[in-house]
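Trainee: Sequence:
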Amino acid sequence: MGNVVQPSWVPTAEQVEGSRIVAYARWLVGEGVASFADVTDFHEIQAWSAAHPQDFWSSVARYFDVAFHEEPTAVWESRKMPGTKWFPGARLNFAEHLLRTDSDRDAIVMIVEDGTTTTITHRELRRQVKALAGSLREMGVEQGDRVVAYLPNSIEGVVGFLATAWIGATWSQAGLDLAARSAADRLSQLDPKVLICGGGYFFKGLVHDRRNEARQLRSLLPSVEHTIAVSTAGLSLAGTADEVVEWESALTGADPVDVVPVEFDHPLWVLFTSGTTGKPKGIIHGHGGALLEQLASPGFHLDLGPEDVFFWYTSPNWMMWNAQVCGLLHGATIVLYDGNPVDPTADRLWRIAAQHGVTVFGTSPGYLKVSEQAGCVPGRDLDLSRMRIVAVTGSILPPAANRWVRENISPDVQVGSTSGGTDIVGIFVSSNPVLPVYDGEISGVALGVSLQVWNDSGQPLPAGAAGEMVITEPMPSMPIGFWNDPDDETYLETYFADFPGVWRHGDAITVTDRGTIVIHGRTDATLNRNGVRLGSAEIYDAVESLPDVADTLVVGVERPDGGYWMPMFVVVSDSSVDGEEIGRRIRDRLREQTSPRHVPDEVIVVPALPHTRTGKKLEVPIKKLLAGQQTGDVISAGAVDDTSALEWFVEFARQRAASVGEDDVEPTDDYRNWRVYSEQRMSRILSAALETFSENGYHGTTTRQLAERSGLSVPGIYHHYKSKQDILFDLMMVVVDELIERSRHALAEVEDDPRAQFDVLVEALLLFHMNRQKGAVLSANELRKLDPEYRVRYTARREEQQRMLDVVVSDGVASGVFHTPYPVDASRAIASLCLGVASWYHADGELPEDEFLKRYRAIAQSIVGGV
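Residues are numbered in my numbering as their position in the sequence shown, beginning at 1, plus a constant of 29.
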């Protein structure tokens, strides 16, 4: 029996009993809406909510006292997905619910990098919203018009959003750090009537003057009739043009207006996709759907309430800005921060949390990693006694992050991993106050979510199996559409093309037998090696805990010849670290903690990695670049955080594409008929090198001899190659490529059976070494003399072939076919055995070829205990 996995955090009985989830379950029972055998059993409550979406979402509206100006005639018109019409006939207003708290308690605490702190009470927030709404109305903004912003994280952004929603207009924004053209790529699609813009922002100890960018954006938005200028970081557009209105004037220059009730699915905001796969697409959410989602998600899963201080480090470019503002729905105080999260030290966000008594702190796995690498111990150095949960989203949370929080914050603080997206401005899977936390896993499916795991054929998979995450029942927070997509073509293609009537989110996940969720990564970025799907998350988890590894990216690229290339790009924390050494350590770590299948073909040290502006890895765009797609087709430069890092990959992809195919191996159909390299297509220089190196040895061969053998002049040789070592390297790569192709063809001939795969793979290796020319494989001594860059690349390519045997032996041990306790060591011994036959096999020797192969296959089988 395997070891039982133990949770790393378990709620106390008092925490469970005091949770809003349990109070809600008791209310459901009391109201006769549902019955539960145990009101503290989250899985029972969740199963009911997923099976009865109408009852669940209507109960959420009642439980949180949604203020309908006109009552709905039904919960939905039909179950049809997409296109579910929720709460027909209802009229309400999202902003009205965020402003229900009428008190002098702080609603928002705003902190900028230089330490300046500003607060606004719930009562003052309501006054400013109604005043700005009056000014917008005087500017001609009517229900359905668009108001957009170009601002840093700020109180003014919150006021602008709520005032826009208050009068039934639609809101969208771009962060002030976006270039004007990138912001225009998003906002110009909406034909906005009013632009609210700042003048500058703080970052890394500097004030960034964005007034020229703001003016340029204004010129790129021809539909804008009025501009409201906000002073941010001490800079403003005020006074630069007649149509520019100062923020203070907009708050005092008109009479307040009453709230405008709108239909349930009236557009509230437009959030844009990151733009990493083309022009950003505008996702539209309705007032009612966003309201119910933001009542349920933080209300149930974070237990957010009036006594909480809610701080999530985010920016206006990310949906978490919207989610954090929705903390006001629950009467919480929200904390906004504009600046560098690690300035002046890596614990800056923890210090803010301590200073303001934050109870619910939201961050990313990246910030936890930075805190760990910087040696931060916030739980020891700061007063975080009020903090009860560290909520994490944005990318996959590795188990090491949970451990770091336990050891450096407090073992009593819950780590709340969650996953959802801009698509619904909400959650699909999440922690909650009544379920335990397991490292590397998300505690459960969110309330109201009917989630399943399907295979590519649309069949549900059992617990423990990895597959596509799908949502089989409608949710009111699903988009009401995409902007400028009148026939819903883009909307349908994005979510419903693969499984009609079922939402495919694009995440590869596993639901465990205890109901937790493991996210493996995006399915369009899922690694698929020889038909085996691998999640990048477990690779990152293993590698990014190495001391000198600062950041990594792994992708899988399908080759035109049917092959598969899986490189890993690595940023090292110390530039003096040897690339070859870091590659060796990465490969060793992955073999130890994952499997030979997870070991990359190459480990390439890079100066930096680009990310989205919300910190996500660019797996899909980089994969597409390396597969040969053009930059403009796969990514917008304005969507990334480091354009120079992106340019490095563009140039790398170009150089790689230029070198592919020059000396490709062209094997015959039957690998058993392959003989020596001179029978394959190679450039005449490499053919001459193969023959000359075999005759004279590498060191005994001169460039003139190579020129004479190839029919070129010495300058002609140097026209193609800078040095003799360049020739040797290219030749060795052709050699190892044939060895890999020989092995692939051999594996393709047999079924997925470890013993059969083992036999043909060993036979392919033996045939290769039996027939190869002398000197066609680098000796250890020659390998050491190669330039470091060449050595790393050659070793990585040779490792790809070795990994095939590693995987087959490991699979054989796992299935009981082989019986060695050291599968990888056994695989390496067999490779050495096959390499050695070149020294003593002769075609005219005592043993015929067939007998020789039979004997050495038997020796190889004895090494793995498979005889």
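It should be emphasised that the hints constitute simulated quantities derived from the structure, not laboratory data. Even for Gly, the Cβ is constructed at its ideal location relative to N, Cα and C. One should not assume that every hint holds.
Heads up, simulated DSSO-like pairs for lysine-lysine below, C-alpha to C-alpha not over 30 Å straight-line [to be verified]:
{"hint": "1", "residue 1": "LYS645", "residue 2": "LYS398"}
{"hint": "2", "residue 1": "LYS398", "residue 2": "LYS652"}
{"hint": "3", "residue 1": "LYS233", "residue 2": "LYS645"}
{"hint": "4", "residue 1": "LYS222", "residue 2": "LYS114"}
{"hint": "5", "residue 1": "LYS398", "residue 2": "LYS233"}
Okay, the calculated beta carbon distance ranges per label pair [as the list claims (entries may be wrong)]:
{"hint": "6", "residue 1": "SER844", "residue 2": "ILE888", "range": "37 to 47 Å"}
{"hint": "7", "residue 1": "VAL606", "residue 2": "ASP131", "range": "54 to 64 Å"}
{"hint": "8", "residue 1": "PRO285", "residue 2": "GLY644", "range": "34 to 44 Å"}
{"hint": "9", "residue 1": "GLU610", "residue 2": "ALA785", "range": "45 to 55 Å"}
{"hint": "10", "residue 1": "THR519", "residue 2": "GLY644", "range": "48 to 58 Å"}
{"hint": "11", "residue 1": "ALA637", "residue 2": "PRO428", "range": "20 to 30 Å"}
{"hint": "12", "residue 1": "ALA208", "residue 2": "THR147", "range": "43 to 53 Å"}
{"hint": "13", "residue 1": "ASP816", "residue 2": "SER861", "range": "17 to 27 Å"}
{"hint": "14", "residue 1": "ALA208", "residue 2": "ASP143", "range": "19 to 29 Å"}
Trainee: Are the hints correct? Go through all of them and say.
Mentor: Right, here's what the structure says about each hint:
1. For a cut-off of 30 Å, the pair hint linking LYS645 to LYS398 stands: about 14 Å separates their Cα positions.
2. Using a Cα cut-off of 30 Å, the hinted pair LYS398 and LYS652 holds, with the two alpha carbons roughly 25 Å apart.
3. Distance hint between LYS233 and LYS645 is fulfilled; the C-alpha atoms sit about 21 Å from each other, no more than 30 Å.
4. For the suggested pair LYS222 and LYS114, the alpha carbons sit about 29 Å apart, so the restraint of at most 30 Å is met.
5. About 19 Å separates the Cα atoms of LYS398 and LYS233, which keeps this hinted pair within 30 Å; it holds.
6. In this structure the hint that SER844 and ILE888 lie 37 to 47 Å apart at CB is violated, the actual value being about 22 Å.
7. Between VAL606 and ASP131 the beta carbons are some 58 Å apart, a value that agrees with the proposed interval 54 to 64 Å.
8. For the pair PRO285 and GLY644, the beta carbons lie near 39 Å from each other, so the given range of 34 to 44 Å is met.
9. The supplied range of 45 to 55 Å is broken by GLU610 and ALA785, whose beta-carbon atoms lie about 37 Å from each other.
10. The supplied range of 48 to 58 Å is broken by THR519 and GLY644, whose beta-carbon atoms lie about 26 Å from each other.
11. At about 26 Å, the CB distance of ALA637 to PRO428 agrees with the hint of 20 to 30 Å.
12. The supplied range of 43 to 53 Å is broken by ALA208 and THR147, whose beta-carbon atoms lie about 27 Å from each other.
13. Between ASP816 and SER861 the beta carbons are some 25 Å apart, a value that agrees with the proposed interval 17 to 27 Å.
14. In this structure the supplied range 19 to 29 Å holds for ALA208 paired with ASP143, their Cβ-Cβ distance being about 24 Å.
Comparing the model with each numbered hint stated earlier shows that hints 6, 9, 10, 12 do not hold.
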